[in-house]
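> The chain contents come next:
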Amino acid sequence: MRKLLALALVLYATCASAQTNSDAWNKLVADAKKEGKVVIIAPPDQEVRESIPKAFKEKYGITVDYLGGRSSDMAGRLRAERSSGIYTVDAALSGMLTMASIFYTEKMLDPLRPALIDPNVTDGSKWKSGKLWFIDPEDGYILRLFSTRTAMFYMNTTYVKPEEVKTAQDLLNPKFKGKIITSDPTLPGIGSSDSARFYIQYGEDFVKKLYLDQQMMVSRDRRQIGDGLARGAYPIAFGAEDEEMEKLEKEGFPIHRVYHLDGMSEVVSPSVGHVGLFNNAPHPNAAKLFVNWIASKEGLEVYSRARGGAPTRKDIDAAKYLPTAMIPKEGGDYFDSYNWEFVLNTKEKIRVRMKELMGR
Amino acid sequence: MSTVTIPTPASSWPKMRGFRLAELGVLLFFCIVMALPILFMLIGSFNINPPGQPQVFGFDNWIRAFSDPQTLNALWMSFLFSIVRLIPSLTLAVIVAWLIARTDMPGGNTVEFLCWFAYFVPDFPLTLAWMLLLDPHYGFLNSMAMHLPFVTGPLFNPYSFWGIVFVHLGTGGIWLNVMLLTPVFRRLGASLEEAARVSGANTFTTLWRITFPVLSPMIIAIAVLSFIKGLESFNTELLLGLPARIYVYGTRIYDYLRQEPPAYGEATALGSVFLLVLFFLAFFYRRYLQGKKKFTVVTGSGYSTLRVKLGKWRYVAIGAFITWFLFMMVLPLTFLVIGSFMRRYGFFNISNPFTLSHWQNLFGDPLFIGSLTNSLIIASTTAILGIMIYSIVGYLLASKKLLFPALLEFFCWLPWVIPGILMSLGLLWIFLSTPLRGVLYGTVWGIALALTIHDSPVSTQAFKSAFMQLGPDLEEAARVSGASWRYTYRRILLPLVGPIAATVGMLNFGSALTSISTPVLLYSAESRPLSILLLEYSFTGEIERAAALGLLITFIICVMMLIGRGLGLRLTGPSREEAKPAAN
Chain F
1 MRKLLALALV LYATCASAQT NSDAWNKLVA DAKKEGKVVI IAPPDQEVRE SIPKAFKEKY
61 GITVDYLGGR SSDMAGRLRA ERSSGIYTVD AALSGMLTMA SIFYTEKMLD PLRPALIDPN
121 VTDGSKWKSG KLWFIDPEDG YILRLFSTRT AMFYMNTTYV KPEEVKTAQD LLNPKFKGKI
181 ITSDPTLPGI GSSDSARFYI QYGEDFVKKL YLDQQMMVSR DRRQIGDGLA RGAYPIAFGA
241 EDEEMEKLEK EGFPIHRVYH LDGMSEVVSP SVGHVGLFNN APHPNAAKLF VNWIASKEGL
301 EVYSRARGGA PTRKDIDAAK YLPTAMIPKE GGDYFDSYNW EFVLNTKEKI RVRMKELMGR
Chain V
1 MSTVTIPTPA SSWPKMRGFR LAELGVLLFF CIVMALPILF MLIGSFNINP PGQPQVFGFD
61 NWIRAFSDPQ TLNALWMSFL FSIVRLIPSL TLAVIVAWLI ARTDMPGGNT VEFLCWFAYF
121 VPDFPLTLAW MLLLDPHYGF LNSMAMHLPF VTGPLFNPYS FWGIVFVHLG TGGIWLNVML
181 LTPVFRRLGA SLEEAARVSG ANTFTTLWRI TFPVLSPMII AIAVLSFIKG LESFNTELLL
241 GLPARIYVYG TRIYDYLRQE PPAYGEATAL GSVFLLVLFF LAFFYRRYLQ GKKKFTVVTG
301 SGYSTLRVKL GKWRYVAIGA FITWFLFMMV LPLTFLVIGS FMRRYGFFNI SNPFTLSHWQ
361 NLFGDPLFIG SLTNSLIIAS TTAILGIMIY SIVGYLLASK KLLFPALLEF FCWLPWVIPG
421 ILMSLGLLWI FLSTPLRGVL YGTVWGIALA LTIHDSPVST QAFKSAFMQL GPDLEEAARV
481 SGASWRYTYR RILLPLVGPI AATVGMLNFG SALTSISTPV LLYSAESRPL SILLLEYSFT
541 GEIERAAALG LLITFIICVM MLIGRGLGLR LTGPSREEAK PAAN
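First to last, the protein sequences are chains F and V.
Following the working numbering, the numbering of the first sequence begins with 1 at its first residue and continues without gaps.
Following the working numbering, the numbering of the second sequence begins with 1 at its first residue and continues without gaps.
No wet-lab data here; the hints were simulated from the structure.
Virtual Cβ for every residue (Gly too), placed ideally from N, Cα, C.
Among the hints, a few may not be true.
Sample of chain F residues facing chain V (criterion: CB under 8 Å; computed from the structure) [claimed, not checked]: (1) LYS57; (2) TYR60; (3) GLY61; (4) ILE102; (5) PRO188; (6) MET217; (7) ARG222; (8) ALA233; (9) GLY359.
Bound-form chain F, shown alone (with noise of 0.2 Å):
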């Protein structure tokens, strides 16, 4: 009897919690329709632009207004409209290093983990990882929501065949001298990464010989790197789009993705796959709405396949719409490009170090 009294209240507990998520939720979107719009940040690539807004449009009948652009212009904008007291954007989705060193470093976020109460969303057992995945040191703000296996670098396979590049030394073969394209690893992006991974495990003598000695070619245009590897003028690229990757093999050229060097391990990168909610957002419900949508299996499916990005939730099948290279593998041993500590600060440090040895 007295087991039998406890599953009651158990099970009215649970129907009540569950009334009382379900009339948050419901309250929730009724006070989101009515503010009616809601204002994001977020990657100025085409297909997201259209599919995002489109998508939860169709969903909630509210209406995405989206600025994508450059995440240095949007800081300056940010930070000249807080001084004035103005706030114009309720979310953002947003690389890591915008994430770590802007929005959250000047407080411009809201805690979003108390902001998400969808179950669907907050269930831990939903994820990879197990749970939520915040990558901030208060492990509440910036939400990931990507980990892509990332090419290390791509390859022309009509002019070089995978099988001459089996270790990072092979790239120091005096026949790829002046034929190695890079984003420029004096900036901050994904050019400097490449060269902080091989600074930290193969020291300054192997970077100065890669990048120097090998002439390697330097460009901040995405497409000068594309065209440059799809013409074989520099058959092999580092810090290439891949989105720009898929469009050139979709033409018919032999792109080859590097995803292996004997002696490093394997790269995982969120891109711009974080999630943040801003303070004093002019839309409150209409951004916790939205931030809810993003991280929900619908909303971050087709914020995946917009953008290429492998998701961190566990109930979407990014097999249908990915190369499952791309794919990171459970259980496998990857460096994540976007460590916190990595991008604020061992890259930062490596990057000033190029600067010098490259004469910049």
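With chain F fixed as given, assemble chain V onto it according to the hints.
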């Protein structure tokens, strides 16, 4: 001929009072919208604490920016580029403007139109086109040259000092200078030239001793503008200079701005060098102009614009221009147009290389129509505001009756001596600090005002030079006849500077459509212009769609140019057909 009714005479005191009020009003306006943003940025550059923390002032940012040994190298490289580019581009521009406006070269109006057109072709895809043509590995011209006897390696290399100079001549080079100089040449009365010829001077001597000296204020102003723009330039240098390890000063500023978080302090510190250069140039420019009256070319006592007869050289002149234009503009432009129809820009060897999809995607972009509407409103407002404000400023500066002429002149140059994005950031702070922020921030009106401010140097100098060409007797005659200053300005002076007004209006219209750095911090989802859409396409590597949009923007500007030029030519006075050739 229509009859002009002269209103009641006005006393000189109200006129001077109005003059002073206008001067003070303009100074106050410029102080707020031009000097304050820069002052704000300069003060901010001494704040050594990260944003969001209490301000602590010191010299750390400045020391960091200038203690880097590469900074001086980059500055020297920028000076070198700027000077080397300036000499051929200004020389060619003066010759072309003279040919258009002062000679009987056939097709002068078309040549002028082509220069306008060329100026507004977007330079980023055009630079990519030059890379396709000149790249040592796969460049079209290099490949063609390899078929020539005795050619064993690539002839051209855009990734070099001279390669960058050459591409600049094609992308920006002479076109703007021709646009600014032609109306001034056109406005030049022929009486001085006639007198020189009567005295036995030949065409060259007349040009060298008469024409160029009287037009020197505008020529020098354009040289200063080009020099400063050259110092700031970095887009082409980023694409073509990095492979050759050529770093310019603009690249260093750009690097600071692109850091995360952006290092505005260091960037402003480096940008302050441009202010010093401006002080220096403005000082000598003013000294050159002070106390001289030799620039007056339109007076009340007879006015004709007779043209120099070139004889058989007229065909040589037009032939040379066409050859130059074909090589420097049509060739890369053809690649640009073709590129907008290619699946991948510049790749002819893929299967089915051509497609309409980029144009379809452009017109199908849900943001396109809204952005187009915003752009047209912004550009039209900028053009009208520019003419209204800078015609008055130009008149005031040319009048030599100002209390603070050097200050006003200095303010007018400011928007071009600080990198565009920093100026925009300063303006953003000003907009947000005013009670009008609801009207200015995030709206098309705020963007239009910012763009009008940004166009200040070129607009002011154009109007000032035009007003300096008008003799004081025109105003005096009107005043003696009892006309008020406002009446004189509206009915006599403004029509006489009509061609310049049309030029400034069109220039502002075109700049407003293509400018990126000014609206990038000021737009909202509702006021996003086409240039921001172009930036987004370029940023995400969609060069083909960017090329299509760039061409569309150029087409819009061309249509407006035809309208504007028609208006301007109507105000110019004698048309080409009416002009009688002068004796050689």
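> Which of the listed hints are broken here?
1, 2 and 3
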